[in-house]
Structure formats: structure tokens, C-alpha cells
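Using the sequences and the hints, build the whole thing.
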Amino acid sequence: MTTTNRLRFFTFAAPQRFYRLTGALVPWLWAVTALLTVAGLYVGFFVAPTDATQGDSYRIIFIHVPAAWMSMVLYLVMAFWAAIGWAFNARLAFMVARALAPTGAMFTFLALWTGAFWGKPTWGTWWVWDARLTSELILLFLYLGYIALVNAIDDQRRADLAGALLAVVGAVNVPIIYFSVKWWNTLHQGASISMTAAPTMASTMLTAMLLMTFAFWAYAFAVVFTRTRAIVLEREQHTEWVGSLAAAKR
Amino acid sequence: MGGYGLYVWGSYVVTAAFMLAEPWLARRHHRRALRDLQLRREEQA
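Respectively, the protein sequence lines represent chains A and B.
Each residue of the first sequence is one higher than the last, beginning at 1 in the working numbering.
Each residue of the second sequence is one higher than the last, beginning at 1 in the working numbering.
Rather than coming from a laboratory, the hints here were simulated on the basis of the structure.
Incorrect hints may have been included.
Said to hold, decoys possible - The calculated label-pair distances, taken between Cβ atoms and stated as ranges, are:
1. Gln44/B to Thr207/A: 53 to 59 Å
2. Gly5/B to Leu25/A: 23 to 29 Å
3. Gly3/B to Ala248/A: 55 to 61 Å
4. Glu43/B to Ala87/A: 34 to 40 Å
5. Arg158/A to Leu25/B: 22 to 28 Å
6. Gly3/B to Leu149/A: 32 to 38 Å
7. Gln189/A to Leu25/B: 31 to 37 Å
What the hints assert, rightly or not - Coverage of chain B stretches by chain A, computed from C-beta distances (three or more under 8 Å per stretch; other residues unrestricted):
8. 13 to 23
9. 31 to 40
What the hints assert, rightly or not - Over the 10 Å line for every Cβ pair with chain B, so calculated as not near, a few chain A residues:
10. Trp30
11. Val32
12. Ile84
13. Phe117
14. Thr207
15. Glu234
Glycine included, C-beta positions come from ideal geometry on N, C-alpha and C.
Have a look at this one:
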């Protein structure tokens with residue numbers, strides 16, 4: 001069989017190529033994560049001023065907002081890859097979807113936790129059943145439901161397809177979370193950052209928040225790639241390339 | 001933290017704990033997958 005070195009659209013859809021590429025990328029992703037985190041926390045704690053209304057409690061924003069954004073983005077990415085796997089019968093796409101779920105669930109939990117710890121001093125309560133908080137909690141249940149569902153079904157293909165259905169249907173929750181503060185009268189504040197208007201927060205605060213957002217992005221790539229690589233080894237164990245990899249690692 | 005220490009550090013410590021544990025668990029998953037492959041090869045040999 002002849003192989004070509006030309007880069008095609010589906011070049012990295014092959015588990016072996018994906019495994020090699022991500023193996024090279026992961027250490028760099030961790031380095032980028034570390035640098036951005038240090039920069040973000042430095043700006044957030046030593047450069048950004050104390051807030052006039054909220055004092056220093058607002059500094060939770062530097063992890064709360066990135067976690068919340070990641071929780072929503074990772075769900076959409078998970079649903080996307082699950083749909084691609086379904087449409088094209090692409091094994092690797094299903095593996096990536098499975099690898100995304102625990103990280104997405106973690107960020108959702110952290111968004112809720114840090115939100116509660118910010119809400120208590122600011123609103124006087126750890127929790128309210130307002131539209132944004134409730135829909136974010138539903139997102140956590142969707143993630144956990146996806147993980148439980150794909151692990152409950154023994155037949156891997158059926159598990160992948162059932163998970164894909166849940167992921168795609170559940171994706172409607174993400175725009176609900178995002179627009180909830182606009183559609184309903186919520187306790188949670190409205191958007192400070194929009195695509196069409198200037199941000200309504202101080203520039204140093206915004207800088208720190210964006211640095212931490214990119215740090216969380218790089219983190220997510222690193223950890224999801226690591227998990228996907230493990231899943232690839234498990235699912236492709238009967239292939240020659242995995243066999244020779246295992247032999248080489250002795 | 002201007003009296004908000006419990007809330008700020010309560011957020012950051014839990015976040016750091018999860019974001020240190022998760023990569024460790026993912027790496028462990030990968031190492032175990034490799035180890036299982038090697039054990040299977042030895043059994044077949």
C-alpha cells in the first residue's frame with residue numbers, strides 16, 4: 001500500500017497519525033498553559049485594582065468566567081465530534097467526544113462552585129434557581145449523563161451512537177445558558193463582553209480574564225489529547241501499530 | 001483579600017485541586033493502557 005505525505009483534510013482522522021501528532025503537541029500545550037496561567041494570575045492579583053463595589057471578591061472572575069466559557073464550548077465541541085462520528089462513522093471522532101466529557105463536566109462543576117463562592121458575598125446566597133445557574137446545572141447533568149450512558153452500554157458502537165444522540169440533543173442547552181441573562185429576569189448579571197460593543201470592565205481586569213481563558217483553553221487541549229491517546233490505545237489494541245508501540249515501550 | 005479570603009481562596013484552591021488531579025488521572029489512564037498492552041503481548045508470546 002502506498003502512502004502519501006500530502007496533508008489532506010482527513011489526514012489526522014487516522015488514529016495512528018493523531019496519536020503521533022498529539023504526542024508531540026502535549027508537552028508544548030502544558031508549557032503554554034503554565035505560562036498563560038502565571039501571566040493571568042499575576043495581572044489578576046498584582047495589577048488589576050480592587051473593585052469599587054465588590055472589593056477583592058471579584059477576583060473570582062478570573063477563574064469563574066473562563067471555567068463557564070470552557071464548560072459551554074467543550075459541550076459544543078463534544079456534540080460536534082459525536083455528530084461527525086455518527087455522520088461519517090469515524091471512530092476517532094467518537095473517541096475525542098468521550099475524552100472531552102470529563103473535562104467539560106469538571107469545568108461546569110468549577111463554574112458552579114466558584115459562582116456559589118462569588119454569589120455568597122455578593123448576593124448573600126450560595127444559590128438561586130435563576131435561569132443561568134439552573135441551565136448551567138442542567139449542563140452538568142448532561143455531561144454526567146453522557147459519561148454514564150456511554151459507559152453503561154457494553155457494545156461500543158451502540159454506546160457511541162447513544163452518546164452522540166444525547167450530546168447533540170443536549171446542545172440546545174448551551175445557547176439557553178448564554179442568552180438566559182437576556183431572555184429572562186435573572187439575578188446573574190448580564191454580559192460584560194459582547195461581540196458588538198466595547199467591554200464594560202476595566203482593561204486590566206479584562207486582560208487577566210482573557211489570559212486565564214486562553215490558559216484554560218490550552219489546558220483543555222492538553223488534558224483531552226492525553227485522555228484521547230489513552231482511549232486510542234484501548235480501542236486500537238488489535239492493530240499492528242499499537243502492537244509495535246507496546247513492544248517499543250518495553 | 002479585604003475580608004473575602006474564604007470565598008476567593010475557597011474558589012482558587014478547589015479549582016487548582018481539580019486542575020492538578022485531572023491531568024494526573026489522564027496520564028495514569030494512558031500509562032495503564034500502555035501497561036495493559038504490554039501485559040497482553042507477554043501473555044500471547
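Item to check | Numbered hints the structure breaks, given as an ascending list | outcome: Numbers 2, 6, 10, 13, 15 - these are the hints that the structure violates, sorted from lowest upward.
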